[in-house]
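Build the full structure now, drawing on both the sequences and the hints.
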Amino acid sequence: MGRAIFLYFVAILAFWSVCVVKSEDGYKYYTWTVTYGNASPLGSSQQVILINGQFPGPKLDTVTNENIVLNLVNKLDQPFLLTWNGIKQRKNCWQDGVLGTNCAIPPNGNFTYKFQPKDQIGSYTYFPSTLMHKAAGGFGAFNVYARSVIPVPYAKPAGDFTLLVGDWYKTGHKGLQQILDSGKSLPFPNGLLINGQGRMSFNGDQGKTYMFRVSNVGLSTSFNFRIQGHKLKLVEVEGSHVLQNMYDSLDVHVGQSVTLLVTLDQSPKDYYIVASTRFTKTVLAATSVLHYTNSRAPISGPVPAGPTNEIGWSMDQARSYRWNLSSNAARPNPQGSFHYGAIKPTRTIVLANSAPIINGKQRYAVNGVSHINPDTPLKLADHFNIPGVFSLNSIQSTPSGNGANLAPSVLGANLHDFLEVVLQNNEDTMQSWHLDGYDFWVVGFGAGQWTQDSKKVYNLVDALTRHTTQVYPKSWTAILISLDNQGMWNMRSAIWDRQYLGQQLYLRVYNPTQSLANEYDMPSNALLCGKAVGQKRS
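In terms of mature numbering (1 follows the signal peptide of the UniProt record, and there is no 0), the sequence shown is residues -23 to -1, 1 to 515.
Take the hints with a grain of salt, since some may be wrong.
[Claimed, not checked] What follows is a set of in silico ranges between Cβ atoms, one per label pair, in the way DEER data are often shown: (1) 431 x 308: 28 to 34 Å; (2) 147 x 319: 49 to 55 Å; (3) 337 x 185: 57 to 63 Å; (4) 13 x 428: 38 to 44 Å; (5) 314 x 352: 43 to 49 Å; (6) 13 x 284: 23 to 29 Å; (7) 319 x 20: 53 to 59 Å; (8) 505 x 368: 20 to 26 Å; (9) 489 x 31: 44 to 50 Å; (10) 435 x 314: 15 to 21 Å; (11) 461 x 23: 30 to 36 Å; (12) 31 x 337: 39 to 45 Å.
[To be verified] Using 25 Å as the maximum straight-line C-alpha spacing, the simulated DSS-like pairs for lysine-lysine come out as follows: (13) 36 x 185; (14) 95 x 68; (15) 151 x 185.
By construction, these hints were calculated from the structure, which means they are not laboratory data.
The beta carbon of each residue, even a glycine, is placed where N, CA and C say it ideally should be.
Okay, structure coming up:
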């Protein structure tokens, strides 16, 4: 009898062990080596940044909630980091890959990222966050697919194409950095690329529908995307399933991603795929080819022109993006089950960008503070209680109107606050803002100065969530953020020279009660630098 009972419990234990293993989210392991190489994106050879010998870098395909373990080996002659654009890093800003949270990987060093695209689905990207490395490459696509048990609100497409579109310079990244360090602004880019090339071909069968994942991986310019003779059905924006409106073309701003469905419903020939810069005096364009497999003719005729109306047209298009309230996202509950519009904000923050001259050099600032990265990452200084690295609330919640200064820019906030943030753009240039660790509801766009009356035009019902939003010239954009992710999170201009010269800040989302339910511990492999060197790991 005793042996029978023993075997019974062994069987039960084995059963539960199998169940636990099966219920755990899967793991994917990668080793990426970053090197210099040569490519000719604009026709002449120049130095670029390769990942595993590829430019752009490898496409990272994963499924919702899978665990990513990625060992990044730096073979450059400068410190290097990758950041995961739009991946929320739940409770885990240690993996964010920016200089406020991580020590850069030194030359010939490595760091293993360990993170999970928790409850996310959609089209994202990754890119270097250090110096001006993004201008040389090192970027790539990060596509998160739905689990098989979670339906998406469209039929499975016949194919899945990724298009990384961005402006490009013939000058190398070190040369561009020298221009900025000297106190000057960058010149206008030399060209526009699709997947690091001047022209590509995307092949499909007549009558079938294909997915196009389009991301702006450039440094500074918005672009308009269109396909000759074909309608674009917008289905997802940075993790949000949207009402599936049809468009002739779409504006995509720096740092943004959209997912489109395109049905090959025209006569069998080849068609132009076009991206061209927006809101620029000189228009740069990149073309590729949509090739029907039964094509009877090559592309012909003029390249289809983009919209001639600028700010008003683009702003109206942005307002037309609506959350699909009946669709799930990465989880089965409907996207609209969280009624964001019924929540009263705990705080209103107005962030105004500016372009001051400080110490005789061009800088960019937010509310009068032009951010500088200290030698000790802000997160490490906060974790180890190291004094003298940053001052909490060094940036004010509203513009002061005073002159600008250089400082590590940190704004304190409490875990579970619900913020109303107004991005006020008083300059005559297009702006693009990104927040790490979060998505947010983009509830309003408007011209001129934001006032309390501006709230009357907010969309408090079906505004979509995303991680990057544009702010039009001499205009404002309002967003709502539920602070459910503790940590030190970078909020920055996605326009890279502005970010490099100070148009960024860190949002310290804090709870005095330390708990793994709120934030993970510092990883055992975390790199230490600056004043954190020699600190005892907890």
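We went through each hint and held it up to the structure:
1. Residue 431 and residue 308 have their C-beta atoms about 33 Å apart, which keeps the hinted 28 to 34 Å range intact.
2. Our hint of 49 to 55 Å for residue 147 and residue 319 holds, since their Cβ atoms are close to 52 Å apart.
3. In this structure the hint that residue 337 and residue 185 lie 57 to 63 Å apart at CB holds, the actual value being about 59 Å.
4. At roughly 50 Å, the beta carbons of residue 13 and residue 428 sit outside the given window of 38 to 44 Å.
5. Range check, residue 314 to residue 352: Cβ separation about 45 Å, and the 43 to 49 Å hint holds.
6. At roughly 39 Å, the beta-carbon separation of residue 13 and residue 284 lies outside the given 23 to 29 Å, and the hint is violated.
7. A hinted range of 53 to 59 Å for the beta carbons of residue 319 and residue 20 is consistent with their spacing of about 55 Å.
8. A hinted range of 20 to 26 Å holds for the C-beta pair residue 505 and residue 368, which are about 22 Å apart.
9. The supplied range of 44 to 50 Å is met by residue 489 and residue 31, whose beta-carbon atoms lie about 45 Å from each other.
10. Here the CB-CB span from residue 435 to residue 314 is close to 20 Å, well matched to the stated 15 to 21 Å.
11. For residue 461 and residue 23, the hinted distance range of 30 to 36 Å is not satisfied, since their beta carbons lie about 43 Å from each other.
12. Between residue 31 and residue 337, the C-beta spacing of about 41 Å keeps the proposed range 39 to 45 Å intact.
13. For the hint pairing residue 36 with residue 185, the CA-to-CA distance comes to about 24 Å; that is within 25 Å, so the pair holds.
14. The straight-line distance between the Cα atoms of residue 95 and residue 68 is roughly 10 Å, inside the 25 Å bound, and the hint therefore holds.
15. The straight-line distance between the Cα atoms of residue 151 and residue 185 is roughly 45 Å, outside the 25 Å bound, and the hint therefore fails.
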